[in-house]
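> Chain residues, written in single-letter form:
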Amino acid sequence: MCIVGKFIRTTLLTALFICITQIATFAAGPPIGEVISMRGTAVAEQPDGTIRQLELNQPVITQDVIVTGIKSNIEIIFKDESVYSQGPESRISLDDFVYSDEKSASKLLFSMGEGTFRYVTGQIVKTNPDAFALQTPTTTIGIRGTEVFAVITPEKEEIGNTKLSKGHTMSVGNKTLGSPRTSVNVNPQTGVVSDPAPVSQKTINKVVKEAPMSSQGELGNLGGSGKDLERKVESLKQQIERTKGDLGNLDSKPDYGKLHRLKVQKTSQKTAESDRDSGGTSDDLGGGGGGGGGGGGE
Amino acid sequence: MKIRFMQQALILTMIALFSGGCVVMAQMAERKGNKAYQRQDYATAFEQYSEAADNGSATAQYHLAVMYAEGQGIQEDMTKAAALLQQASAQGQEDAQLMLGLFYVYGDGVQQDPAKGAEWIKTSAEKGNDVAMYYLGNLYAAGLGVTKDIPTALYWMGQAKDSGFPVKDDHLTEAGLASLYES
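Same order as they appear, the protein sequences are chains W and F.
Per this note's numbering, the first sequence starts with residue 1, numbered consecutively.
Per this note's numbering, the second sequence starts with residue 1, numbered consecutively.
Read the hints as simulated data drawn from the structure, not as lab findings.
Footprint (simulated), chain F over chain W, 3 or more residues, beta carbon under 8 Å:
1) 198 to 207
2) 213 to 222
3) 239 to 249
4) 254 to 265
Glycine included, C-beta positions come from ideal geometry on N, C-alpha and C.
Using the sequences plus the hints, can you model the full thing?
Printed below as a string of structure tokens:
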């Protein structure tokens, strides 16, 4: 009886805590996005000093400052279907975000502090690119359809893209990047932006490792706490569902990249499950079975 | 007689070891390809998938086909992509069968042939691929590559749903499917 009472009390207190957290969140503003994967710890700080511990599937709101802890990362999908990911010990302020049916009303302004960041553009960039800006401590990034990254330290800001849709460009300060897999370096002291140059594989490795995107099927670091292992499996499961839901019908040509992403996500999911089941000691991609074999597939 | 038997046994053993070795090498190369692909290191991924594909890995052939179709680490080439999808599909790789089917439906890298496309997509769907089931349901609803057949479209949408595909409620009724491609 005592155990049952304790269980009921704990359950009620947990439910109450969740309700209070949700009420506090919604009181501050409507959700503009949702956490779709994370590892370690991440918090959202509001200007009034309110701090929320973030967790999988929890909303983020305007003016949140997202801060990740050591060995942590977080991935957020926004209402305009853009996806943002940040690595360990990084912070970004979600200053302004409006996604509206009225194209000219949509806008986005995020300010990055130090850390590792990635952003895959969504509908706002497509419909109202001039109202979109990512700011670093030194400069402003403008985008016209791409996957951008930034690695910001007190000594240097490296900003570039890993993909650039055909016919699109991105700008960093007064420089235009017109080719995929190019980057510039910004001197934080002088504000001088270097000419665009091919981004090194080493830099891409760093941003993919530190700020993985489960939406792209990326697995990130294996291992971690039991909670992290469980989160990874769950987030990949949700991503697969989301990717399937995004497939269109026959009215337009299928997105072969998206179809392939499903396969990559499934392979990552199997590896994540294998990692979880082995207690975080798995060290191979596709080791869970389905991704590794020859014919037959999943 | 005994020597001849031993010679044959030795040859068979050698063949088995060689085949097994090829499979293991293909799997190792494919996994290296997967890791490189995740890092967006397309040059390495292309190299590793090519090695695995040459050693008979249907999954690597599928990945390689996508790299050609998307121009990742290599110049975009839909014809090569289609050829690789043919190889993987012939080995029974269901993701490749679905994509090859769509290539035929839309005429990507091959001569457009929706009927042939529908056949490949059906092959994949019958192997249990829920995404192929969803597309097959759409083909029957639209009458593309197959004779328009709303009850069969509904059957495949139901199969897709049961297999885990998030089919919209509108697509789970005959009326909804009938109106899907009305215009």
